[in-house]
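Asks: Work out the full structure: start from the sequences and follow the hints.
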Amino acid sequence: MAVLNSSDPLHASDEIDSLHENQQIAQTLDEIAQLLNDQKASEFRVRAYHAAAKTIRSLPTSVRVLVEHDGIEGLIALPSVGNSIANLVQQYLQTGRMSLLDRLRGESHAETLFSTVPGIGRELSHRIHEHLHIETLAELDAAAWEGRLERVPGIGRKRVQAIKDSLAVKLTEGSPSQPGAEIDEGKAVPIKELLDIDEEYREKAIAGQLPKISPSKFNPKNIAWLPILHTERGGRHYTAMFSNTARAHELNTTHDWVVIFRDDAQSHGRWTVITSQFGKLQGCRIVRGREDECREHYTTHCNFHQPVAGQSPYPELPSMWEEGHGRITPN
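For the sequence shown, position 63 matches number 63 in the UniProt record's numbering, and the numbering has no gaps at all.
For the record, the hints were derived by calculation from the structure and aren't laboratory data. Be aware that a few hints might be false.
[As the list claims (entries may be wrong)] Cut-off 27 Å, straight-line C-alpha distance, at most; resulting in silico cross-link-like pairs (DSS-like, lysine-lysine):
#1 K217 / K40
#2 K40 / K221
#3 K40 / K192
#4 K221 / K204
#5 K40 / K204
#6 K40 / K212
#7 K192 / K280
#8 K192 / K204
#9 K212 / K192
#10 K158 / K170
#11 K54 / K40
#12 K204 / K217
Replies: As structure tokens, then:
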């Protein structure tokens, strides 16, 4: 049972609000567990989120105060709360949202979130999301420190520094060693593993073997059309789904671009797998940003050959989503 530590009415009121926030965080983690269960994720993963919710709900003190005193390490040290869930809890304390819950609901609030940072307007926020595929302020902070933010058109070194300064104030800890550093978009996850997940997702989506969610964007009829896959490789948890971004709709690739998320106790990351339209890998599935590794993979592990000119590499996939099925056909 929660215990109030202050006899002062004002301070007691603050403690009550903080403990109420604990309950909201626990409820959000329980909702994640329920959605994972509904979407046929592993029982272990479902139990992990329920266990973390139970821990947060039973804390005698405020989670916010814990983080202020001990940082994210204080969260990780709690029973049943590892790196991944600790990152989500810290996201909630900073923004009032958990990106994983938004993702499982088929929603994204990244662009609105980024535009709250001084120096980032709505248009620039959109470009950041489209180019870097990031969703949280911690990931934005990591992109700024790692040099990836400078790759976005319209962002120079001075603006990057201004964004760093703003995030240092906005985030609980402004250091790049905080949650954003856990993002893994390098070579730690082998290309073969990502392409295998992509293949599993597309095969099961085509066969109608996956649960479907109703994305909030580009879905005026609110129809559950977007297949979602939860899968594992060697204890690593992944979620895969077709891209539902404005760019994917514009290029008519909502049936082709597959976004893969990693979200487990060790690390998390995001990758986009597409069908290459150019060069020696034309017609092959590639992980965007890791084209050289994909070329090496196909050369080493596969009977690599050029597709016949004009032939669709995946003729079994639909050429576009029909509006009648809840998808928007680009003009």
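Asks: Now tell me if each hint is right for this structure.
Replies: Hint check results:
With a C-alpha separation of about 23 Å, the suggested pairing of K217 with K40 holds against the 27 Å cut-off. The straight-line distance between the Cα atoms of K40 and K221 is roughly 25 Å, inside the 27 Å bound, and the hint therefore holds. This hinted pair checks out: K40 and K192 have alpha carbons roughly 24 Å apart, not beyond 27 Å. The hinted pair formed by K221 and K204 meets the criterion: a straight-line CA distance of about 24 Å does not exceed 27 Å.
Distance restraint check for K40 and K204: the Cα-Cα separation of roughly 13 Å lies within the 27 Å cut-off, and the hinted pair is therefore satisfied. For the suggested pair K40 and K212, the alpha carbons sit about 11 Å apart, so the restraint of at most 27 Å is met. Distance restraint check for K192 and K280: the Cα-Cα separation of roughly 18 Å lies within the 27 Å cut-off, and the hinted pair is therefore satisfied. Of the pairs offered as hints, the one joining K192 and K204 holds, with about 18 Å between alpha carbons and a cut-off of 27 Å not exceeded.
For the suggested pair K212 and K192, the alpha carbons sit about 26 Å apart, so the restraint of at most 27 Å is met. Of the supplied pair hints, the one linking K158 and K170 holds, its CA atoms being roughly 18 Å apart against a limit of 27 Å. Between K54 and K40, the direct Cα distance comes to roughly 22 Å. Compliance with the 27 Å bound is thereby established for this hinted pair. Pair hint K204 plus K217 holds up; C-alpha atoms about 23 Å apart against a cutoff of 27 Å.
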